[in-house]
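Throw the hints in and build the complete structure from the sequences for me.
Chain by chain, the residues run as shown.
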Amino acid sequence: MNEPRRPHILITGAAGALAQQVINRLRDHCDLVAVDFREQVYLGDDIPSYCIDFNKRVFEDLFRRYDFDGVIHLGRIMSSQLTRMRRYNANVLGSQKLLDLSHKYGIKRVVVLSTYHVYGAVAYNPALIDEEAPLKGAGLTADLIDSVELENLANIYLWRYPDLNITVLRPCNIVGPGVRNSISTLLASERAPVLAGFSPMMQFIHIDDMADAIVLAYQQDHKGIYNVAPEDWVAYQHALKLCDCKRIPVPSIPPVLPRLILRTLNLRSFPSYLIDFFKYPVVIDGRSFSRAFNFQPKRPLKEIFRFYRENKKPI
Amino acid sequence: MSIRSFLRTKLVPAALDDQINRIRKPIGSLGYDPWGYNNEAMKVGFAFTRQLYEKYFRVSADGVEKVPDHGPVLIIANHSGQLPLDGVLIGYALASRKHNPRMPRAMIERFFPTVPYLGNLLNEMGAVLGDPTNCAKMLANNEAVIVFPEGVRGSGKLYRDRYQLKRFGNGFMHLAMKYKATIVPVGVVGCEESIPAIANIKPLAKLLGVPYAPIALPFVFPAKVHLNFGDPLIFDDAEIPEEQVTERVEQVKAAISELIDKGLSERKRLF
Numbered sequence: 146m147n148e149p150r151r152p153h154i155l156i157t158g159a160a161g162a163l164a165q166q167v168i169n170r171l172r173d174h175c176d177l178v179a180v181d182f183r184e185q186v187y188l189g190d191d192i193p194s195y196c197i198d199f200n201k202r203v204f205e206d207l208f209r210r211y212d213f214d215g216v217i218h219l220g221r222i223m224s225s226q227l228t229r230m231r232r233y234n235a236n237v238l239g240s241q242k243l244l245d246l247s248h249k250y251g252i253k254r255v256v257v258l259s260t261y262h263v264y265g266a267v268a269y270n271p272a273l274i275d276e277e278a279p280l281k282g283a284g285l286t287a288d289l290i291d292s293v294e295l296e297n298l299a300n301i302y303l304w305r306y307p308d309l310n311i312t313v314l315r316p317c318n319i320v321g322p323g324v325r326n327s328i329s330t331l332l333a334s335e336r337a338p339v340l341a342g343f344s345p346m347m348q349f350i351h352i353d354d355m356a357d358a359i360v361l362a363y364q365q366d367h368k369g370i371y372n373v374a375p376e377d378w379v380a381y382q383h384a385l386k387l388c389d390c391k392r393i394p395v396p397s398i399p400p401v402l403p404r405l406i407l408r409t410l411n412l413r414s415f416p417s418y419l420i421d422f423f424k425y426p427v428v429i430d431g432r433s434f435s436r437a438f439n440f441q442p443k444r445p446l447k448e449i450f451r452f453y454r455e456n457k458k459p460i
Numbered sequence: 063m064s065i066r067s068f069l070r071t072k073l074v075p076a077a078l079d080d081q082i083n084r085i086r087k088p089i090g091s092l093g094y095d096p097w098g099y100n101n102e103a104m105k106v107g108f109a110f111t112r113q114l115y116e117k118y119f120r121v122s123a124d125g126v127e128k129v130p131d132h133g134p135v136l137i138i139a140n141h142s143g144q145l146p147l148d149g150v151l152i153g154y155a156l157a158s159r160k161h162n163p164r165m166p167r168a169m170i171e172r173f174f175p176t177v178p179y180l181g182n183l184l185n186e187m188g189a190v191l192g193d194p195t196n197c198a199k200m201l202a203n204n205e206a207v208i209v210f211p212e213g214v215r216g217s218g219k220l221y222r223d224r225y226q227l228k229r230f231g232n233g234f235m236h237l238a239m240k241y242k243a244t245i246v247p248v249g250v251v252g253c254e255e256s257i258p259a260i261a262n263i264k265p266l267a268k269l270l271g272v273p274y275a276p277i278a279l280p281f282v283f284p285a286k287v288h289l290n291f292g293d294p295l296i297f298d299d300a301e302i303p304e305e306q307v308t309e310r311v312e313q314v315k316a317a318i319s320e321l322i323d324k325g326l327s328e329r330k331r332l333f
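Top to bottom, those sequences are chains H and E.
So the first sequence is numbered by our numbering: it starts at 146 and just counts up by one.
So the second sequence is numbered by our numbering: it starts at 63 and just counts up by one.
Just so you know, the hints here were simulated from the structure itself, not pulled from any lab data.
Some hints could be false.
[Unchecked claim] So, partial list: chain H residues that the calculated Cβ filter (under 8 Å) puts toward chain E:
id	residue
1	148
2	273
3	342
4	344
5	346
6	378
7	379
8	394
9	397
10	426
11	438
12	446
13	447
[Unchecked claim] Per label pair, the in silico range of CB-to-CB distance:
id	chain 1	residue 1	chain 2	residue 2	range
14	E	130	H	369	36 to 42 Å
15	H	228	E	68	45 to 51 Å
16	E	226	H	277	56 to 62 Å
Fair warning: this is a prediction, and the values are worked out from it, not measured in the lab.
Where is the CB? At the ideal position from N, CA and C, for every residue including glycine.
Dropping the structure here:
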């Protein structure tokens, strides 16, 4: 007797810690194919892994060969990586190619990972921002344009091709073991810059919880846009303190001064264009996702910060 | 030892610690809420405000028990005195009442979050950026919210205009109707005399990017403050034209005006 066909899923951004967590959760009951534009990662003999640029024609061969049912698109290049132009090519044009191919090959489920950065850090932001709120990220800095454009693209495909069943996730700061984004690098470091007199509220989600959220999102058919964040909050400087991180104040007024200092220092973990996120809060409301997908984060903030505190000096 | 922990050990006795912990608040595991309220900072702020409230302004609060002990409440008051002292004093009156104290949130001007240190400090003490979304989310959370519908028109008033109510915005009424929030009018008397301003240098204010630049003595006078809480007002959420909403707002304004008159007639001396 024939066994039911296992779902075939394409996972992008496979070299990242988050994708690997998602892969570990799905590999037992799905046939996965992993791709990454950065490097080819070995994920075991059962998972074909490719280093591929979505804009190259060979990318389509994967769709022909593996007959995918779904796509989990985690391969968004973060704003701290590569140049603006290359990011735009990969995040916007690459994602468009991915969505076009998904449509062409009849994919039934697409999950796209976005970021809360699209809301933009503005002094007048209310707290608990809903999914309907305007995306002000691109208005603040050209370095976030690709993140906002990626979202616009996903939105267009969401209504133009309803069969793709696109779900866009906008998570808060993803942190935890293996995460290499700017906030995780800051929490893990011995010293971290802060803007003097500013300690905005922040939200953190553990990488394991985020992986659970992505798997839940993939498995349940609720298309749309969702914020993903736990119902817990902490001020940035307090978070650094809990991670045993020495705070280095950067003068904050007039506003041009910290921008100038950070541009000169050119720190990867504290880039000048993300400066407003360390000044004004962007607190998102994750309740709609929790309700729709019955999601409850399991790792409390204290556990997250304990990890960073205890791993300050790797052996 | 940091300044904050030093102040905490000096100012916050165990009884106060317990008192604040007992007030129900929707906060996360580290004592913060989404708007930046911090339970530990609040304790220091509360102890400090107690001195201000009892010793400096010698506040008399009349009818504070009229504020419902649960459910969404909008506390609407007249704004005065250049600094948001009136909000602090109303907040303390409600947080320190004997039966069913509540930790109200005050809506503050949009300019504060851009000020280093002060913006964060105000947030930690429960002040929230005066945005309708914030107010709506807090009312949905069953919180008590202090709103000054006059905004900067009220706080930036000159001494010669004291106790004249400026135009009230209609936003608070729409929110009260939508979230079925009880409105409690409050008349504040005394804050006008705490920082009397004789003029406002508008070009300087524009240059500095602040709402107003008053000419006043750099000193806060210890004027005796009277807070008169009025009877709760409840409005239905019927679909009505803006004109009728304005009428309802005028009703609240009239109630506040009466409470101010009551406070002024009861006041025996300025200080």
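Hints versus structure:
1. 148: 45 Å, violated
2. 273: 5 Å, holds
3. 342: Holds, because the Cβ-Cβ distance from residue 342/H to chain E comes to roughly 3 Å (cut-off 8 Å).
4. 344: Result: holds, 5 Å to nearest chain E Cβ.
5. 346: 5 Å, holds
6. 378: Holds, because the Cβ-Cβ distance from residue 378/H to chain E comes to roughly 5 Å (cut-off 8 Å).
7. 379: This interface hint holds because 5 Å falls under the 8 Å limit.
8. 394: Hint on residue 394/H: violated, closest Cβ of chain E at ~10 Å, above 8 Å.
9. 397: 5 Å, holds
10. 426: 7 Å, holds
11. 438: 21 Å, violated
12. 446: Hint holds; residue 446/H Cβ to chain E Cβ min 6 Å, cut 8 Å.
13. 447: 6 Å, holds
14. 130/E <-> 369/H: 36 to 42 Å: 37 Å, holds
15. 228/H <-> 68/E: 45 to 51 Å: 48 Å, holds
16. 226/E <-> 277/H: 56 to 62 Å: This hint is violated: roughly 40 Å between Cβ atoms.
In terms of the numbered hints stated before, the structure departs from hints 1, 8, 11 and 16, listed from lowest to highest.
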